[in-house]
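Participant: For the record, the sequence lines run as chains A and B. Under the working numbering, read the first sequence as residues 2 to 111, first letter to last. Under the working numbering, read the second sequence as residues 11 to 125, first letter to last.
Hints listed in this document are in silico derivations from the structure and should not be mistaken for laboratory results. Even glycine gets a Cβ: it sits at the ideal position worked out from N, Cα and C. Worth double-checking, as some hints may not be accurate.
Okay, derived cross-link-like pairs now, DSSO-like style, lysine-lysine, Cα gap no bigger than 27 Å in a straight line [unchecked claim]:
hint : chain 1 : residue 1 : chain 2 : residue 2
1    : B       : K21       : A       : K43
2    : B       : K67       : B       : K25
3    : B       : K67       : A       : K43
4    : A       : K64       : A       : K103
5    : B       : K67       : A       : K103
6    : B       : K21       : B       : K67
7    : A       : K103      : A       : K60
8    : B       : K27       : B       : K67
9    : A       : K103      : A       : K70
10   : A       : K103      : B       : K21
11   : B       : K25       : A       : K43
12   : A       : K43       : A       : K103
13   : A       : K69       : A       : K58
14   : A       : K58       : A       : K103
15   : A       : K43       : A       : K58
Which stretches of chain A does chain B cover? Using the computed rule of at least three CB atoms under 8 Å from a CB of chain B, they are [as the list claims (entries may be wrong)]:
hint : region
16   : 11 to 17
17   : 39 to 45
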Amino acid sequence: EDQVTQSPEALRLQEGESSSLNCSYTVSGLRGLFWYRQDPGKGPEFLFTLYSAGEEKEKERLKATLTKKESFLHITAPKPEDSATYLCAVHTGANSKLTFGKGITLSVRP
Amino acid sequence: GAGVSQSPSNKVTEKGKDVELRCDPISGHTALYWYRQSLGQGLEFLIYFQGNSAPDKSGLPSDRFSAERTGGSVSTLTIQRTQQEDSAVYLCASSFDGTVNTEAFFGQGTRLTVV
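Isolated chain A, as found in the complex:
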């Protein structure tokens, strides 16, 4: 059974304090790993898809990386508006569901 584990569960940062969020996975045949951002009371919002080990993608202050066992979401010089829950999900199989981790709640203090 596919498993996705995110850590830490919650992270509190000072504005400008860079850090990384971890997503480790155990799947049979990874086809893609997704990162989503979710704000309170809203649905998840797509950030990145990574397909193979060694791949990296960036968007503003966020950078996602992928190895054969885990993915990291690096946040550089975060701002309070980066506060949200960050979800990691894996896609396995040709056409199938996304399996999500429980998410990491990030709080950035001004």
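Following the hints, position chain B against chain A.
Facilitator: What follows is chain B alone, placed relative to chain A:
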């Protein structure tokens, strides 16, 4: 509309009653997913529709849960004889073709409270 639309936004129902939750996917998207998000838990897969193929119902937690998708567009998730443990946010998502190359876009969810 431009995004995935879900209704109602909030639903309070009495234990034992049936409820219907609606999802309008993005126009042209053939794949549609239902997920459930309980407090402190990750998104739990419920059911997946892809075009005219038989839906993947492997995530439905009991036979009280069912879903249909009419005309390849609008979907309805029905929960019969609701229980308190059914209280959660129910999220719908759609993607262009359900493959890994197309991201899923989520609606804002329906918050269901069973009292």
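Participant: Now, for every hint given, state plainly whether the structure supports it.
Facilitator: Hint check results:
A threshold of 27 Å between alpha carbons decides the hint, and for B/K21 with A/K43 the separation of about 16 Å falls inside it, so the pair holds. Only pairs whose Cα atoms come within 27 Å are accepted, and B/K67 paired with B/K25 is accepted, the gap being roughly 24 Å. Among the hinted pairs, B/K67 with A/K43 is consistent with the structure: their alpha-carbon atoms are about 25 Å apart, no more than 27 Å. For a cut-off of 27 Å, the pair hint linking A/K64 to A/K103 stands: about 20 Å separates their Cα positions.
Between B/K67 and A/K103 the CA atoms are separated by roughly 22 Å; this keeps the pair inside 27 Å, and the hint holds. Under the criterion of a C-alpha separation no larger than 27 Å, the hint pairing B/K21 with B/K67 is consistent with the structure, at around 23 Å. Between A/K103 and A/K60 the CA atoms are separated by roughly 23 Å; this keeps the pair inside 27 Å, and the hint holds. Distance check on the hinted pair: B/K27 and B/K67 sit about 22 Å apart at the alpha-carbon level, within 27 Å; holds.
Annotation: proposed proximity of A/K103 to A/K70 holds, straight-line Cα distance about 17 Å (limit 27 Å). With a CA separation close to 24 Å, the supplied pair A/K103 and B/K21 stays within the 27 Å bound. Between the alpha carbons of B/K25 and A/K43 the distance comes to roughly 26 Å, so the proposed pair stays at or under 27 Å and holds. Between the alpha carbons of A/K43 and A/K103 the distance comes to roughly 16 Å, so the proposed pair stays at or under 27 Å and holds.
A hinted pair counts as satisfied when its Cα atoms are at most 27 Å apart, and A/K69 with A/K58 qualifies at roughly 16 Å. Only pairs whose Cα atoms come within 27 Å are accepted, and A/K58 paired with A/K103 is accepted, the gap being roughly 22 Å. Between A/K43 and A/K58 the CA atoms are separated by roughly 24 Å; this keeps the pair inside 27 Å, and the hint holds. Only residues whose C-beta sits within less than 8 Å of a C-beta in chain B count toward coverage, and the region 11 to 17 of chain A has 0 of them, not enough to reach three; the restraint is violated.
Counting residues of the region 39 to 45 of chain A whose CB falls under 8 Å from any CB of chain B gives 4; the rule of at least 3 is met.
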